[in-house]
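> The residues making up each chain are set out below.
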Amino acid sequence: MTRTLIILVAAVAVAVAGGPAAADDAPAGAPCARPVDAAVRAALGSSLLPGTPILCGAASAETKNVLAQVAFADGRTATVEVAPNGVVLATSYAHTDLSGSAGKGMAALFWAFALASVAGALFVVTRRNLIAAVMGMVGSFLGIAAIYMMLYAQFLAVVQMLVYAGAIMVLFVFVVMILNRPEDEPVAPSGRAGQALGGLAIVYLIGRLIFLLIDVQPPNPEVAMAAPPAAEHCVEWANKACTRMAAYDWGSVRSVGTDLFGPGLFPFEAISILLLLAVVGAIAIAKPVHVDDDAPARTREEGAA
Amino acid sequence: MSDLLWNVGYGHFLVLAAVLFLIGVGGVLIRRNALIILMSVELMLNAANVTLMAFSRMWGDISAHTFALIVIAVAAAEASVGLAIVVAVFRGRRNVEVDRLNTLRH
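If you read the sequences in order, they're chains A and B. Letter 77 of the first sequence, counting from 1, is numbered 66 in the numbering used here, and no numbers are missing. When you read off a place in the second sequence, starting at 1, and then add 628, the result is the number in the numbering used here.
If we strip away everything but chain A, and leave its shape as in the complex, we get (with noise of 0.2 Å):
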């Protein structure tokens, strides 16, 4: 009997105690008009489910324009700010869920991919063996891989592992196979003066790299692993003038695109016609010598063998 009373207090507490919170974790804002609706609709085109509800703000004092909010099932947020004639001038979307990395955990986890891509490298001028040598250029570049994904450069790091990690290394190690060289001396023979110098150098550089860089003062105060803002983009012109902003998710593929394929086209095409001339001069280079002079070049062959 008194724990049924309990609950039937319990249950009237979490009711009027909810009650205007959940009231006022609704969005702010009634059903748009018609024709600021239909906007929106085509503006968000087809991530927006048909029946998903958008709800306007008041109007803005003296621009008259509205801005309506858009809560997606994947946790997105999306803002559009529309004209009273219904053209769309600002998309921006937010994921709700962002809370930012940074922290002893995160700070830990950097330490540990810092640590991963240097020993990597030093692994690469240090070892004998070729394969070890682009073993370890394989985990220095998963180590800056990762160091992206910390810097939100999500897209980045995701090419980082396919184009290196993955094509450009195998293309190391096929050449280390075509070449099967028995392993060689792993530093120039240039003195032990020479080699000391030259240590002593690099770590005094090093040393003062670090002094002058770890004091770098950022133009926004927040930690660098925190939540970045979205990406602003212009993605409407009219008469070199713009006339539709949005704003992507930091680093995201639609952010990088649409800087790529808007104000980077042209370095974009650029580097289309440099891979081409790539390809066609590495078969041109490594191509096997001519049937007419081959006998030639295997007595010179077998004369430096």
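Since the hints were made in silico from the structure, they are not lab data. Check the hints yourself; a few may be wrong.
[Said to hold, decoys possible] Below, a list of computed lysine to aspartate or glutamate pairs in the EDC-like style, where the Cα atoms sit at most 20 Å apart:
(1) K53(A) - D26(A)
(2) K53(A) - E70(A)
(3) K93(A) - D631(B)
(4) K276(A) - E706(B)
Given the structure of chain A, go ahead and fit chain B onto it with the hints provided.
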């Protein structure tokens, strides 16, 4: 000191990039194998990319990501042509030690 350890800021990423770059420079200077030298150059390009990313976050400018992608594409082109040259040189002289290579002809 513990602040430096647990409060990772932009300086940490820049120092890491500088250390990686210097290891790459050291590799180019002290190694004689052409393959290791190529790998050290790749390491230096990566260190430059880390610096780009840190400054991109610092100034809130996403175009550094585009630039880093272009650097990766240039590195891929450089690796393919460089390795082709290494293979061609090895085919002619059975040797890829840069100290012993002083002419481009066979």
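> Would you pick out the hints that fail for this structure and give their numbers low to high?
Result: no hint breaks.
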